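Chains as they are written, first to last, in our numbering: chain E, 1 to 380; chain C, 1 to 356.
These aren't lab readings, by the way, just hints derived from the structure by calculation. Since the structure is predicted, the reported quantities are computational estimates derived from the model, not experimental observations. Each hint should be verified, as a subset may be incorrect.
Now the in silico label distances, taken between C-beta atoms and shown as ranges [what the hints assert, rightly or not]:
hint : chain 1 : residue 1 : chain 2 : residue 2 : range
1    : C       : A90       : E       : G162      : 15 to 25 Å
2    : C       : G171      : E       : G293      : 37 to 47 Å
3    : C       : S41       : E       : G162      : 22 to 32 Å
4    : C       : G171      : E       : G361      : 23 to 33 Å
5    : E       : Q6        : C       : R52       : 49 to 59 Å
6    : C       : G171      : E       : G111      : 19 to 29 Å
7    : C       : D59       : E       : G111      : 36 to 46 Å
8    : C       : K95       : E       : E369      : 47 to 57 Å
9    : E       : G364      : C       : K95       : 41 to 51 Å
All residues carry an ideal CB built from backbone N, CA and C; glycine is no exception.
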Amino acid sequence: MTRALQGIRILEFGGYAAGPHIGKMLANFGATVVHVESRARPDGFRLQYPPYKDGKPGLERSGCFAFFNDSKLGVTLDVKNPRGLELARRLVARCDVLVENMRPGVIARMGLGYESLKKDNPRLVMLSTCNMGQTGPRADTPGFGSQLTALAGMCHLTGEPGGPPMLLYGPYIDFIASTLGAAAVLAALERRHASGEGAYIDISQYESGLMFLAGELLEYHTAGKIAERAGNRDPEAVLHGVYRCAGGTWIALSCWSEDECRRLEALVQPKSVDDWLAERSAEAAAQMLQAAGVHAHPVESVADLFGDPQLAARAQWQGKVHPVIGAHSYCGPPFILSETPGEVTKAAPMLGADNEAVFRGLLGLSAEEYAAYDAAGAFA
Amino acid sequence: MLGACRIVDASGRLGWLAGRLLADLGARVVKIEAPGADISSPQWRALNINKRLVRLELDARKLEELACECDILIATPEPGTSEIALFDYARLRAKNPALVLTVITPFGLTGPKAGWRATDLEIMAAGGAMSLAGEPGGTPLRVSAPQAYAWAGAQAAVGALIALHHRRNTGRGQRVDVSAQAAVITSLAHAPPFVEIAGITPTRAGAFMTGRSVAGARFRVFWPCRDGYLNFILYGGVAGRRTNEQLVAWMRSRGVALGPLATQDWTKWDPTVATQGEVDALEAPIARFFSKVSKAEFLEGAHRREMLGYPVATVADIAADPQLAARGFWQDLGSERHCGVFAVIDGKRPPLVPAG
């Protein structure tokens with residue numbers, strides 16, 4: 001079957017989530033994505049964050065790294081070695097897209113800046129993503145996405161009024177930026193098809209996150225209203241909240257008209273909504289509420305997602321066998337293309353596992369050339 | 001970049017951001033609204049900027065005409081209603097085989113919950129996000145500004161462009177069936193692999209960070225400051241060490257009583273083995289210092305010292321941030337100030353155009 005992005009070659013320099021998640025999304029639709037690391041500096045997700053297979057940290061044991069790098073090829077290159085840098089540049093010349101998520105200026109100092117690379121490959125689409133963007137007075141700010149989510153307003157808007165702000169899980173904002181970044185890369189490829197021009201895309205993870213609060217920001221700018229955290233309340237709903245159900249489960253429930261409230265009351269009467277819900281599981285309650293035409297869904301735990309029949313029916317979790325981690329699930333795309341559906345094609349790569357396939361196969365080095373680069377330490 | 005792409009956006013709130021992002025990337029987007037539909041909300045105005053407004057009561061015939069005149073059609077039919085049939089792909093494809101039909105629904109068009117009703121609250125619950133926000137053991141929380149619609153819209157934009165790429169190579173359109181529930185899973189970051197690989201179900205941690213210390217210590221994340229809250233965490237490692245050393249130097253320069261911080265050797269400090277007593281003792285003087293610092297002062301001071309940490313910003317703080325102004329993020333159209341195009345392309349931020 002033809003894959004939607006078949007023939008598109010993407011190189012990734014960097015690590016963690018913000019860069020590699022872009023490549024993962026596109027790899028699931030057939031792009032050839034090469035994740036570049038070095039033995040001296042492997043992707044930070046390999047060693048710095050759990051979960052690990054059997055709880056033991058190790059380069060090939062990280063579930064965190066695996067989750068954002070399925071369906072890719074993995075290579076090692078020491079770009080501080082002149083022969084490694086030479087190979088990196090040769091590889092870029094054969095690729096359509098380069099994605100990097102280092103601090104501004106770092107990749108240029110490595111010898112892989114856009115202005116320099118486009119001389120060899122004017123059709124190159126390069127995307128840089130970082131906390132603040134490539135320019136501005138705080139461009140050089142180091143930072144974690146988990147903290148940037150606070151600067152971008154989301155934490156202030158999570159929690160009960162009068163209580164403290166709340167955390168969102170992990171580097172929430174990184175995934176907004178990676179999703180928007182993937183769209184920008186695809187748009188640049190469209191332009192390139194029409195004009196032959198490459199592009200340099202500067203993504204600020206902060207600015208990307210603000211697109212998810214665009215309405216609240218406009219309301220502040222036009223009416224001076226400062227959006228505040230409101231627990232689970234919604235100003236437009238008649239009823240809107242999360243309730244305890246039997247067995248320690250929770251249900252999200254909302255009514256948006258008096259009619260919908262009447263349907264809810266007819267279902268639960270003569271009991272109160274709280275008492276009716278407390279007598280049954282969230283799943284059983286949601287089935288009955290939906291059948292009665294009321295908005296409802298159980299609050300799913302992360303573990304629940306793996307047993308969710310709706311997600312299963314849409315092949316959301318796709319199992320692959322990793323050489324060290326063993327059989328485990330990867331997340332498929334959140335949309336189904338009718339002609340060319342996405343697919344997790346293989347487990348995440350071991351460090352440098354595809355050096356031969358990429359440098360001999362894709363780049364076309366002879367066995368002698370490959371051996372010479374290897375002897376010179378290019379693949380360290 | 002998408003200047004040749006014509007889009008008809010017949011979406012409700014679940015899809016507004018999809019069209020906005022594609023418009024920001026250069027597509028010509030026509031937003032369809034029924035005559036008399038209210039378009040005055042800040043949400044509508046913010047997410048439908050950069051599109052041309054056409055007032056039209058959509059019926060099957062008009063939709064087929066529109067489908068013939070565009071490359072991408074974005075729709076958000078209400079599950080369980082006749083709207084699903086209105087956007088039937090087989091019928092529209094018969095009129096335009098190159099059409100990319102992007103349909104966004106809470107759970108997708110297939111599967112046992114395809115007909116279920118859901119708004120932001122239920123979608124955030126169904127996608128696992130609410131289980132990860134709130135006090136430990138307390139009520140699961142959503143973000144008070146709806147996020148599920150944005151996750152669905154952003155993913156829909158990606159899906160539509162992948163289908164457009166395929167069409168360029170084959171001439172054939174296809175249907176992009178977006179599940180908002182699945183789109184929210186993207187926001188869970190690295191929580192899912194904990195379940196199978198570690199046998200752990202990640203859960204909400206309130207305003208503290210847990211799970212870092214084998215001694216069970218929890219670390220403060222949100223600190224009251226003079227005019228709100230700061231986000232700061234006592235990290236270990238190289239970045240944490242620098243941050244902690246810089247913070248102590250900052251406190252010393254202000255003459256703050258340092259307590260145990262005065263003698264703390266950060267090169268030897270390991271949060272993974274810290275006890276709660278140790279953490280509390282270190283955090284107490286920091287809390288006293290932060291209570292007298294403003295958010296703006298912290299943002300500037302932490303940046304100057306290359307420290308990790310940010311203020312917990314409100315929309316007012318964000319609006320006043322010089323970083324965003326310097327990059328030309330805001331764009332004024334008439335009397336309104338909008339978030340500009342999300343990407344800077346070839347050194348320039350493309351301008352927005354007013355809704356016509």
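TODO: Please flag the earlier hints that this structure goes against, numbers listed from lowest up.
DONE: 1, 5, 6, 7
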